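So the protein lines, in turn, are chains A and R. Each residue of the first sequence is one higher than the one before, starting from 1 at the first, in the numbering used here. Each residue of the second sequence is one higher than the one before, starting from 1 at the first, in the numbering used here.
Possibly wrong hints are sitting among the right ones.
Same chains, same label: a pair holds when it works inside one copy or across any pair of copies.
Taking lysine-lysine and the DSBU-like style, the derived pairs with C-alpha atoms no more than 30 Å apart in a straight line are [as the list claims (entries may be wrong)]: (1) K61 x K110; (2) K307 x K61; (3) K267 x K110; (4) K112 x K2; (5) K110 x K347; (6) K110 x K95; (7) K246 x K112; (8) K347 x K267; (9) K110 x K269; (10) K212 x K43; (11) K325 x K110; (12) K112 x K269; (13) K325 x K28.
Note that these hints are calculated values from the structure, not bench results. On a predicted model such as this, the values are computed, not experimentally measured, just so you know.
Protein chains: 2
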Amino acid sequence: MKYLPKINHEIQLIFDKKLEKINNSFLKDYYSELKDYFLSGGKRIRPLMCIAAYNAFSGEKEDQILKACVGTEFLHNASLVHDDIIDKDDFRRGKPSFHYRFRLYHDNYKLKKMVAADFGNNLGILGGDSSFFFGLEAYLNNEFNDASNIRGVQLYEQAYHEVCDGVLIEIDMVNRQELSISDYIEMISLKTGALIEKSTIIGANYANVEEKYQKLLSTYAINLGILFQIIDDILGTFGDEKVTGKPTDGDIREGKKTALLIEARNKLKGAELARLNELIKNPSMTDNDVEEVRDLFQSADVINSSKQLALKYYEEATEALNGLKPVIKEAESEFFEDLLNFVYERKF
Amino acid sequence: MKYLPKINHEIQLIFDKKLEKINNSFLKDYYSELKDYFLSGGKRIRPLMCIAAYNAFSGEKEDQILKACVGTEFLHNASLVHDDIIDKDDFRRGKPSFHYRFRLYHDNYKLKKMVAADFGNNLGILGGDSSFFFGLEAYLNNEFNDASNIRGVQLYEQAYHEVCDGVLIEIDMVNRQELSISDYIEMISLKTGALIEKSTIIGANYANVEEKYQKLLSTYAINLGILFQIIDDILGTFGDEKVTGKPTDGDIREGKKTALLIEARNKLKGAELARLNELIKNPSMTDNDVEEVRDLFQSADVINSSKQLALKYYEEATEALNGLKPVIKEAESEFFEDLLNFVYERKF
Numbered sequence: 001m002k003y004l005p006k007i008n009h010e011i012q013l014i015f016d017k018k019l020e021k022i023n024n025s026f027l028k029d030y031y032s033e034l035k036d037y038f039l040s041g042g043k044r045i046r047p048l049m050c051i052a053a054y055n056a057f058s059g060e061k062e063d064q065i066l067k068a069c070v071g072t073e074f075l076h077n078a079s080l081v082h083d084d085i086i087d088k089d090d091f092r093r094g095k096p097s098f099h100y101r102f103r104l105y106h107d108n109y110k111l112k113k114m115v116a117a118d119f120g121n122n123l124g125i126l127g128g129d130s131s132f133f134f135g136l137e138a139y140l141n142n143e144f145n146d147a148s149n150i151r152g153v154q155l156y157e158q159a160y161h162e163v164c165d166g167v168l169i170e171i172d173m174v175n176r177q178e179l180s181i182s183d184y185i186e187m188i189s190l191k192t193g194a195l196i197e198k199s200t201i202i203g204a205n206y207a208n209v210e211e212k213y214q215k216l217l218s219t220y221a222i223n224l225g226i227l228f229q230i231i232d233d234i235l236g237t238f239g240d241e242k243v244t245g246k247p248t249d250g251d252i253r254e255g256k257k258t259a260l261l262i263e264a265r266n267k268l269k270g271a272e273l274a275r276l277n278e279l280i281k282n283p284s285m286t287d288n289d290v291e292e293v294r295d296l297f298q299s300a301d302v303i304n305s306s307k308q309l310a311l312k313y314y315e316e317a318t319e320a321l322n323g324l325k326p327v328i329k330e331a332e333s334e335f336f337e338d339l340l341n342f343v344y345e346r347k348f
Numbered sequence: 001m002k003y004l005p006k007i008n009h010e011i012q013l014i015f016d017k018k019l020e021k022i023n024n025s026f027l028k029d030y031y032s033e034l035k036d037y038f039l040s041g042g043k044r045i046r047p048l049m050c051i052a053a054y055n056a057f058s059g060e061k062e063d064q065i066l067k068a069c070v071g072t073e074f075l076h077n078a079s080l081v082h083d084d085i086i087d088k089d090d091f092r093r094g095k096p097s098f099h100y101r102f103r104l105y106h107d108n109y110k111l112k113k114m115v116a117a118d119f120g121n122n123l124g125i126l127g128g129d130s131s132f133f134f135g136l137e138a139y140l141n142n143e144f145n146d147a148s149n150i151r152g153v154q155l156y157e158q159a160y161h162e163v164c165d166g167v168l169i170e171i172d173m174v175n176r177q178e179l180s181i182s183d184y185i186e187m188i189s190l191k192t193g194a195l196i197e198k199s200t201i202i203g204a205n206y207a208n209v210e211e212k213y214q215k216l217l218s219t220y221a222i223n224l225g226i227l228f229q230i231i232d233d234i235l236g237t238f239g240d241e242k243v244t245g246k247p248t249d250g251d252i253r254e255g256k257k258t259a260l261l262i263e264a265r266n267k268l269k270g271a272e273l274a275r276l277n278e279l280i281k282n283p284s285m286t287d288n289d290v291e292e293v294r295d296l297f298q299s300a301d302v303i304n305s306s307k308q309l310a311l312k313y314y315e316e317a318t319e320a321l322n323g324l325k326p327v328i329k330e331a332e333s334e335f336f337e338d339l340l341n342f343v344y345e346r347k348f
């Protein structure tokens with residue numbers, strides 16, 4: 001991935017510009033932690049999609065699209081910072097999550113007017129907010145024209161609202177008993193698909209891509225996002241913790257409406273279905289409860305049926321990509337195809 | 001205030017545009033609550049400053065500046081939503097704060113996979129985030145040119161980072177023992193001054209105001225903000241709860257570094273100073289402790305000396321305003337002067 005270090009460099013520049021102007025030691029710590037958090041990993045799928053869409057049609061100003069492509073990566077990480085507070089996840093990418101870093105930082109104070117947990121969460125709220133705003137830099141500090149950049153900001157705003165709607169629908173779903181597959185697909189297409197799609201369209205916007213091809217790019221990207229989330233659901237419960245780096249009991253405990261749970265509910269009957277519903281309802285499940293849910297999932301063969309569900313979106317993305325192939329460059333065509341296969345087959 | 005209903009109308013339009021497109025009942029509740037929260041009060045100082053700066057020099061497109069002026073009001077309210085979580089304030093403007101509304105909302109669920117307090121805080125985090133993004137609409141949906149709007153977004157971004165730096169410095173200060181008046185002034189000029197200043201400069205930007213007059217507007221607005229905060233500090237401890245609508249023990253309990261506390265520390269000596277420091281250190285003060293701090297404040301005559309401190313910024317703002325008077329319209333000149341006097345003399 002030749003773009004990865006370049007993307008990370010652009011992210012770093014945005015933080016360094018801010019850090020340069022700071023004297024206050026606490027502010028320095030705050031922005032340094034945020035920078036370190038951003039640079040501690042991440043696949044950079046969103047910037048890569050933006051660059052690929054741009055290069056597929058134009059590719060004239062590589063250094064400029066590198067500046068613009070990081071916007072949605074800031075949005076993504078800002079959401080992760082806030083999600084980690086919401087989900088009470090203290091670790092991310094094998095390191096302390098952003099709010100947790102400041103829970104630890106609190107030890108350094110002589111005077112403690114706040115509880116450490118509150119201090120961490122409060123700094124986490126601000127850290128996410130700062131990151132949402134840093135993302136705007138992508139559209140403000142490049143050499144594309146003002147009209148393209150205004151459109152970039154518009155897409156950035158739309159992206160957030162769609163992601164947020166997805167997160168809200170998910171929070172609400174967890175507290176509701178009813179559940180349909182179309183609700184689930186709507187939710188993940190917003191929660192996960194929208195930002196991947198907007199990243200792609202931002203790249204297309206800067207390359208002045210015709211609307212009909214923008215639509216195909218949208219279709220490809222949203223379906224890729226849906227596919228990604230279904231596979232993520234599978235790995236979230238049946239993945240190898242050592243490979244994914246994530247505990248495999250979180251989704252079940254939270255009662256998350258995953259592809260697995262939906263498939264299980266569709267396929268289980270009678271006593272098994274009643275038992276599953278009873279277990280999931282419980283806000284504080286034991287390890288045995290989690291194991292029993294996992295067994296019920298297995299007995300319903302949900303891994304295979306979720307993979308089957310995923311295949312539908314894989315095929316829709318492929319079809320959109322086929323419509324693009326005659327007009328885009330071969331390298332990007334390959335990139336989009338490889339990415340689709342990677343997402344479908346990934347084990348981590 | 002002829003502009004107040006017009007400003008509120010523009011805020012309402014932004015929410016209505018989103019609400020129109022929503023079918024999901026939970027999303028409808030979420031955005032309706034947010035809209036209600038925004039329209040439940042507020043002095044709209046920031047939009048008014050933006051309009052005044054614009055009208056002072058141009059005023060050609062009143063309907064357009066009305067669209068653009070609400071951006072920083074969104075930013076302000078977004079910060080309030082997050083601040084209320086941070087400060088654990090369950091009420092705002094006499095009604096439940098945004099996160100608290102959803103703590104109450106949680107009762108409607110049959111299934112409770114989240115604790116009500118977490119549910120409220122989580123929705124509050126998202127509510128603030130949504131509001132930050134809605135603010136961008138101000139610069140994206142008006143008829144000013146793209147260059148002015150890009151500059152609007154730039155100022156919007158800068159405003160957030162400055163406000164955030166002020167909030168961070170304040171959080172850090174609360175946990176530190178040392179304290180200087182210049183640290184305090186830096187903190188409030190960021191926390192409170194910056195957004196009032198950026199609101200003003202956004203108005204000036206749309207009126208294409210010459211840089212030297214933009215500088216005078218900046219000076220006026222930042223000093224107005226500092227003045228506002230010092231008076232706010234006085235009212236926060238010695239105001240009439242029935243008039244201000246805020247409890248008068250919060251600042252003392254939190255150990256907030258207010259103008260009062262700084263003045264008291266500068267003026268008290270020996271046993272009184274030691275006692276003050278000891279009381280403030282305590283993270284869980286009794287009612288008697290709070291009363292004792294208030295008495296120590298009184299014995300140091302801090303209301304008068306804080307008013308004296310405020311006077312300095314009142315005078316700096318007046319001087320900047322005098323530099324503007326020859327070139328701005330009389331109506332706006334009066335508005336700026338009246339506002340300054342209002343802020344200096346307000347009792348609520």
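Which numbered hints does this structure break? 1, 2, 4, 5, 11, 13
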